[in-house]
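If you're matching them up, the sequences are chains A and B in order. With the numbering used here, the residue at position 31 of the first sequence is 31, and numbering never jumps. With the numbering used here, the residue at position 98 of the second sequence is 1098, and numbering never jumps.
Hints are supplied without guarantee of correctness; some may be wrong.
Unchecked claim - EDC-like cross-link-like pairs, simulated, lysine to aspartate or glutamate; straight-line CA separation at most 20 Å:
1. K1110/B - E1092/B
2. K322/A - E243/A
3. K339/A - D1069/B
4. K1036/B - D98/A
5. K359/A - E1092/B
6. K1110/B - D331/A
7. K335/A - E1092/B
8. K1083/B - E200/A
9. K96/A - E1041/B
10. K1036/B - E90/A
11. K1109/B - D331/A
12. K96/A - E1092/B
13. K17/A - D130/A
14. K159/A - D82/A
15. K359/A - E200/A
16. K339/A - E1071/B
17. K159/A - D98/A
18. K159/A - E1038/B
19. K89/A - E1092/B
20. K57/A - E90/A
21. K1083/B - E32/A
22. K17/A - E32/A
23. K1049/B - D16/A
24. K159/A - E1041/B
Since the hints were made in silico from the structure, they are not lab data.
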Amino acid sequence: MAFNIYDLTSFNQSIDKFLYDNLPSFWAMIVEMTIIGVAFLLFYAVIGLFLVYAERKVCAFIQNRVGPNRVGPYGIFQTIADFIKLLMKEIIPIRKADQFLFNLAPFIVIIASFMAIAAIPFGLGLHAIDLNIGIFYVMAVSSLGVIGVLLAGWSSNNKYSLIGAMRSGAQIVSYELSVGLSMVTIVVLAGSMQLSEIVEAQRNGWFIFTGHVPAFIAFIIFMIASTAETNRGPFDLAEAESELTAGFHTEYSGIKFAFFFLAEYMNMFIVASIATTLFWGGWMPLHIGGWEGFNHVMDIIPPFFWYMGKTLVVIFLMMWFKWTFPRLRIDQLLKLEWKYLLPVNLFNLILMALVVLMKWHF
Amino acid sequence: MTSESLILFFIVAVVLVGGALIFSSLVPPRSFNPQKSEPYECGIPTQGKTWLQFNVGYYLFAILFLVFDVETVFLFPWATIMKSVGMAAFIEIIIFFLILGLGLLYAWKKHALIWE
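Same shape as in the complex, but just chain A (with noise of 0.2 Å):
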């Protein structure tokens, strides 16, 4: 068995060939389907678990605080704590509240950014599916989230729940455009909707460097797109918390009230992998034409090291607009999709495909 850490391919097939060698082929299935279903919730439990603690230590720092501290070195178990705590949480029924789409609501958001990691590839040979349509497949999938939002607003028999819900629905709609015209104008570029070709199109230079003007303004509207989409900071309008308590989750307790932060905080995941795939060029090293040994230095370096560091770069940067921008209002969100960069980005759309023709790129 050969482990080869920069291409995973070889390995994850002789895993494959050995369990269908030494079992029938029914169990080889269920054992296979087993191992990636345990190690993608761990993964996705982790990377929740750490994006929390991220969060509250970035704010922190922004805000010249220290941030949790107590609990393990540095506060790197707080999360853990906090998850511990909010499981063993009593779940508090509400009155008049409609009860089957009150529990439906958590798992829709959790569906939505589970099955929406699954396409997500990680590193060379690192992925669950690598589907043919997988671009399109990521954007329909985390769009269904905000199916779990409306009824969590809307089942909860509180005010202030419905008007959050209602905020999010129509902020979630308009900016879904805005996300996925950018990442059309990204596909256009690289001539497919596999998430692994794009990123092997990227092996000479990532695209937001070889794409030319049109893919850098696409990544600005594709940054500002998916953090109205992910109900984060300035765009947090669902959950505002100084006019809704906390907006659509205001009702859950415990664990529920646990599934949606989690969910949040995934998304937010997906989104970042998104635009380190499409325009950060995915699990490729960084490469500075002529520099030889700063290439080689570079490639030491393992894909997912590579990817996991470029999508965290992304997630910073994403604390970093909801810690410093003060919250816009439900008319100036509607204007700035609708008027700004719904018009930019079908010229945009344009100019990238007359960049494609002419062969402008580099």
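Position chain B relative to chain A; hints supplied.
For chain B alone, kept in the frame of chain A given last:
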């Protein structure tokens, strides 16, 4: 892995949420109090019906979204073949965008893009 195994991810997510919900409905301590199950609207008892009428603006934006989202779906197949088809695809998309831009301008002129 084939695309059918997406069902696996669906099942794992359902088991994750379902398992945690079952655990926390059995293990944690429980108490009952009529005040506790009231909806929280900043401490004041809730007045009247919750499911009120809505600002029509939300529907307007939902309809606009539908038009533009379907258009994005059309753009994806175009985008994948743009490189290989070349000039013909470029001219076609310009015509497509002219019609679409006309629609956006119409909505703009009718003040559909202003929140009231």
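- prompt: Quick check: which numbered hints come out false for this structure?
  reply: Violated: hints 1, 7, 12, 14, 19, 20, 21 and 23.
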